[in-house]
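Novice: All chains should be modelled from the sequences, with the hints used to inform the complete structure.
Keeping their order, the protein sequence lines are chains S and Z.
Counting from 1, one number per residue, gives the positions in the first sequence under this note's numbering.
Counting from 1, one number per residue, gives the positions in the second sequence under this note's numbering.
Everything labelled a hint here was simulated from the structure, so no lab data went into it.
A quick note: this is a predicted structure, and the numbers were derived from the prediction, not measured.
Glycine included, C-beta positions come from ideal geometry on N, C-alpha and C.
Warning: the hint list may mix true and false statements.
[Said to hold, decoys possible] Subject to a maximum C-alpha distance of 20 Å in a straight line, what follows is the list of computed EDC-like cross-link-like pairs (lysine to aspartate or glutamate):
no., chain 1, residue 1, chain 2, residue 2
1, Z, K337, Z, D236
2, S, K461, S, D53
3, Z, K337, Z, E261
4, Z, K337, Z, D322
5, S, K461, Z, E258
6, S, K461, S, E9
7, Z, K337, S, D45
8, Z, K21, Z, E5
9, S, K461, Z, E261
10, Z, K21, S, E9
11, Z, K337, S, E90
12, S, K231, S, D151
13, Z, K21, Z, D39
14, S, K461, Z, E259
15, S, K461, S, D491
16, S, K461, S, D45
17, Z, K337, Z, D387
18, S, K231, S, D263
19, S, K461, S, E490
20, S, K231, S, E265
21, S, K231, S, D256
22, Z, K337, S, E93
23, Z, K337, S, E42
24, S, K231, S, D191
[As the list claims (entries may be wrong)] To spell it out: a stretch of chain S is covered by chain Z in this simulated footprint if at least three of its residues, at any positions, have a beta carbon under 8 Å from a beta carbon of chain Z; those stretches are:
no., segment
25, 190-201
26, 433-446
[Unchecked claim] Under 10 Å between C-beta atoms, here's a sample of chain Z residues computed to sit facing chain S:
no., residue
27, T54
28, A56
29, E160
30, F163
31, V241
32, P244
33, S245
34, T248
35, G250
36, A254
37, R288
38, E326
39, T330
40, A332
Now for the letters of each chain:
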Amino acid sequence: MPDRWFEREPLWFKRAVFYEIHIRGFFDGNDDGAGDFRGLIEKLDYLQWLGIDCVWLLPMYRSPLRDGGYDISDFLSIHPDYGTVADFAEFVEHAHQRGIRVIADLVMNHTSSEHPWFQESRANRDGPKGDWFVWSDTDELYRDARVIFVDTEPSNWSFDPVRGQYYWHRFFHHQPDLNYENPQVQEAMLDVLRFWLDLGIDGFRLDAVPYLYEAEGTNCENLPRTHEYLKRVRAEIDAHYPDRVLLAEANQWPADVVAYLGDAESGDECHMAFHFPLMPRMFMAVRREDATPIYEILERTPAIPQNAQWGLFLRNHDELTLEMVTADERDYMYEEYAKDPRMRLNLGIRRRLAPLLDNGRDEMELMHAILFSLPGSPVLYYGDEIGMGDNVYLGDRDGVRTPMQWTGDRNAGFSHADWAQLYLQPLMDPVYGYQAVNVEAQLRTPTSLLRWVARLIALRKEHPVFGLGTYEPLRSDNPRIFAHIRRWEEDVILCVHNVARSAQAVQLDLSAHAGMVPEEMFGRTSFPAVGELPYLLTLAPRGFFWFQLRWPAR
Amino acid sequence: MSFDEQALIEHVVRQRWYGAKSRGVAHAQVLDSVIVRADEPRLALALVEMRYETGAHDVYQLLYSLRGGELEVDDDVALARELVLTLRTGTTLYGVEGTVEFHAVPGFAGLGRDPAEVRWVGAEQSNTSVVLDDEAILKVFRRLEPGVNPELEMLRFLTEHGFANSPPLGGWYAYSGGLLVATLGILQTFVRGGLDGWELALDEIVASPDQFLERLRRLGEVTGEMHSVLASDPNDPAFSVETPSVETLGLLTATVDEEIERVFLELPDDDELAAIAGRGEEVREQLRLLTHGVPAGRVIRTHGDYHLGQTMWADGDWVILDFEGEPLRTFAERRRKRSPLRDVAGMLRSFAYAASAVSFLRGAEAPDGWETQARTQFLDGYFGTVDPSLLPPGAAAERLLAVFELEKAVYELRYELEHRPDWVSIPVAGIVRLIEQPAAAS
Numbered sequence: 001m002p003d004r005w006f007e008r009e010p011l012w013f014k015r016a017v018f019y020e021i022h023i024r025g026f027f028d029g030n031d032d033g034a035g036d037f038r039g040l041i042e043k044l045d046y047l048q049w050l051g052i053d054c055v056w057l058l059p060m061y062r063s064p065l066r067d068g069g070y071d072i073s074d075f076l077s078i079h080p081d082y083g084t085v086a087d088f089a090e091f092v093e094h095a096h097q098r099g100i101r102v103i104a105d106l107v108m109n110h111t112s113s114e115h116p117w118f119q120e121s122r123a124n125r126d127g128p129k130g131d132w133f134v135w136s137d138t139d140e141l142y143r144d145a146r147v148i149f150v151d152t153e154p155s156n157w158s159f160d161p162v163r164g165q166y167y168w169h170r171f172f173h174h175q176p177d178l179n180y181e182n183p184q185v186q187e188a189m190l191d192v193l194r195f196w197l198d199l200g201i202d203g204f205r206l207d208a209v210p211y212l213y214e215a216e217g218t219n220c221e222n223l224p225r226t227h228e229y230l231k232r233v234r235a236e237i238d239a240h241y242p243d244r245v246l247l248a249e250a251n252q253w254p255a256d257v258v259a260y261l262g263d264a265e266s267g268d269e270c271h272m273a274f275h276f277p278l279m280p281r282m283f284m285a286v287r288r289e290d291a292t293p294i295y296e297i298l299e300r301t302p303a304i305p306q307n308a309q310w311g312l313f314l315r316n317h318d319e320l321t322l323e324m325v326t327a328d329e330r331d332y333m334y335e336e337y338a339k340d341p342r343m344r345l346n347l348g349i350r351r352r353l354a355p356l357l358d359n360g361r362d363e364m365e366l367m368h369a370i371l372f373s374l375p376g377s378p379v380l381y382y383g384d385e386i387g388m389g390d391n392v393y394l395g396d397r398d399g400v401r402t403p404m405q406w407t408g409d410r411n412a413g414f415s416h417a418d419w420a421q422l423y424l425q426p427l428m429d430p431v432y433g434y435q436a437v438n439v440e441a442q443l444r445t446p447t448s449l450l451r452w453v454a455r456l457i458a459l460r461k462e463h464p465v466f467g468l469g470t471y472e473p474l475r476s477d478n479p480r481i482f483a484h485i486r487r488w489e490e491d492v493i494l495c496v497h498n499v500a501r502s503a504q505a506v507q508l509d510l511s512a513h514a515g516m517v518p519e520e521m522f523g524r525t526s527f528p529a530v531g532e533l534p535y536l537l538t539l540a541p542r543g544f545f546w547f548q549l550r551w552p553a554r
Numbered sequence: 001m002s003f004d005e006q007a008l009i010e011h012v013v014r015q016r017w018y019g020a021k022s023r024g025v026a027h028a029q030v031l032d033s034v035i036v037r038a039d040e041p042r043l044a045l046a047l048v049e050m051r052y053e054t055g056a057h058d059v060y061q062l063l064y065s066l067r068g069g070e071l072e073v074d075d076d077v078a079l080a081r082e083l084v085l086t087l088r089t090g091t092t093l094y095g096v097e098g099t100v101e102f103h104a105v106p107g108f109a110g111l112g113r114d115p116a117e118v119r120w121v122g123a124e125q126s127n128t129s130v131v132l133d134d135e136a137i138l139k140v141f142r143r144l145e146p147g148v149n150p151e152l153e154m155l156r157f158l159t160e161h162g163f164a165n166s167p168p169l170g171g172w173y174a175y176s177g178g179l180l181v182a183t184l185g186i187l188q189t190f191v192r193g194g195l196d197g198w199e200l201a202l203d204e205i206v207a208s209p210d211q212f213l214e215r216l217r218r219l220g221e222v223t224g225e226m227h228s229v230l231a232s233d234p235n236d237p238a239f240s241v242e243t244p245s246v247e248t249l250g251l252l253t254a255t256v257d258e259e260i261e262r263v264f265l266e267l268p269d270d271d272e273l274a275a276i277a278g279r280g281e282e283v284r285e286q287l288r289l290l291t292h293g294v295p296a297g298r299v300i301r302t303h304g305d306y307h308l309g310q311t312m313w314a315d316g317d318w319v320i321l322d323f324e325g326e327p328l329r330t331f332a333e334r335r336r337k338r339s340p341l342r343d344v345a346g347m348l349r350s351f352a353y354a355a356s357a358v359s360f361l362r363g364a365e366a367p368d369g370w371e372t373q374a375r376t377q378f379l380d381g382y383f384g385t386v387d388p389s390l391l392p393p394g395a396a397a398e399r400l401l402a403v404f405e406l407e408k409a410v411y412e413l414r415y416e417l418e419h420r421p422d423w424v425s426i427p428v429a430g431i432v433r434l435i436e437q438p439a440a441a442s
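Specialist: In structure tokens, the structure reads:
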């Protein structure tokens, strides 16, 4: 068993800042033009400096890469472009030495059609793997299940000429769904989990978990048997792998997602789940200059078990998903954020944070501040900490997966390979190109976005209240202000954000805290004490304040 | 062997080496134990897990004896003696979950006979030490961290590679099992009749400053030799010389810059601070100038917590002690390779402290310009001895050194403001010196 460098702390993930990495795009350690585990090891000093607690790796397994690695053809090996299982284990060891944990994407719902399991299943319907996938003579079953990739897939069923039957797939037709009705499949996937856990991994982001089981007359999402299986996975983790975490990707409404965190008291399913509908509403609030959508979605967010946590993000490797908004809201978002149809993909917008916000520094800081102030653990997407751009002309989701921009030198300091050999060329445009936007220059510049993000992370980590505290919305007469209070033990934090592009004044009812003195948390400046009357604050355009409320020293 | 849980908690919590005094203990249990001596009085050691209310835990090494069936949890000298005798035999003892292996370094003089006089000496944060016949010292690690203890690793390497100015390693014992792999204790030569480097400085800066300057030149040479030896084995991955990643200096600069910003933001109004008050931007500007385009040199294993208090003068030469690194950092952090100039900066800052401490503690004054001379002597000795390929070329080495000194002085400023406001003038003077010397010409 590898040494574990952490003090046992079962709730570490509630206070953690996560950082999502596309291995191919981070750093090329063997000069072949694509990122790999050797390269990741070299950049751990940077991640440690940035202050993140946990790396989330996009799929790293052997794969034909027809869906960014979410089409896995061997669960127990590393994609050769990224290195070997030994390289992976070494990366985990080095990360742990720096106090950084590592979780990785794992797709439980389906495999690549190139996976030997599927090849065996299609070749021999009476063989041992004959019913490891969902086969049918007709494509009439489960008609109430929606098609997720509406741009490319006409149906959830595809006909396999080899076996002469239809197979079920909730995503691309080259990603057949595993048949969880089969106990051998259930066991095989547990073995996969154990394999990586034994190598020291700190957990998994479970991709596409709502779709494990199917049942006629349902939409085939969030079925009770899916939860039952996930509870079994959790029990295995709790029994043999303490301190590891399961993060559910269930792109569903919070009321449905909460079920993935298990029993309201004991929290016996996944440790964490992503909060999908929050993110589009944050963008909507900033664009409309109205904080109402943020208040509303948080009101509609149910309580979660005490030992569970939301994963919150501004952007990630997928498109900005608009499945969890109404049709009107979706039209609005398209209109405002994806005027060019190339920016749209399925039900979403494929752009990075900086271009979505027109590269506005105040807007980027405001969005980070709101994200970091909310109850949940923030997940950053690689490159967004320096305000990297995207390339909407690249196919599928590659536009937001260009190489990390390390320096202003050749290949953005990402690789020593020839320019033409790079898996994707780094951005070169005058605004977001690597000569303008890179880690080296921003490290040197105290006022850079990177330095600001590092400061924000450090500040959040000083105050457990952000990860552990309660959330109390603080509504006012001014709809352009998003204000709330976080509270944990003696720590009381007041967060006030102005989503408008003009300066705003707001009167907040803080009478419950009368006598306390707000101390601004970045500059440690004391503001006038809170009295019985409404507390008046003025905020700069897109400005925000975080205050710690303290009792004055006697 | 079973312990009453409550008695166990009460015993461990009472110990000087128990580090979590403010935390609520929820459970305590013996993870594993081995019998060191089976004859009466029976002696044993146990690994005890203390589990806190927050769900976190620590593991401690507990030594105990059994007399006529009665349990005595005590730091008995007989036990220490027994541990040393067992070390000499190189035995492996078997517990339930793992083993305790004892290793002796061949030819270590202090192991040659039964120790007659055994005494416990001062306990530190997480370990206790026992001196045997004034010849050997056994350090018993109490709060255990997984992995190889960096002090053992360093002493072993220095002993095997012939560094003459550290006390040779005599042996060690370690636990190895599914729960934990950890160093439990190390035995090394006891430096007899040595004079503590810090005390010697305070005595001689006033009484015989020139003699001490001579000694500092020698300390520079010894430091240079130490770094050269630490960088001498390309085949040992834990010690081989490495080129730092391209961001190294950028990350260091950003870290120090943020630290400067923070400490100056909260600088109180105080006459002692007048010389630097309102000069935060100047300090940051100097940092920018110092780090602009400077190469980072190489990184190696270093002492890690290097100052006069870690040295001794004995038998006409310096002995370097305490290779454990900064105690508050994790093993992994302490084992990180760093620029050797970080050690050098630590020692130079220590001279500044000594020059002022003479007046704080002894009521005397250091001769004019003593600190400058001390720096010159030490650096002359150091640069003349150390393997130059470890450092950035030429004047760049002194610029990088100034960056580490600034890092250290800013840390000291914050520390003294919090803990010893009377001493704050020392880092203040250090910072003033660093911003007033031209960055490019140095």
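Novice: State the violated hints by number, sorted upward, taking the hints as numbered earlier in the document.
Specialist: 3, 12, 13, 25, 29, 30, 31 and 38
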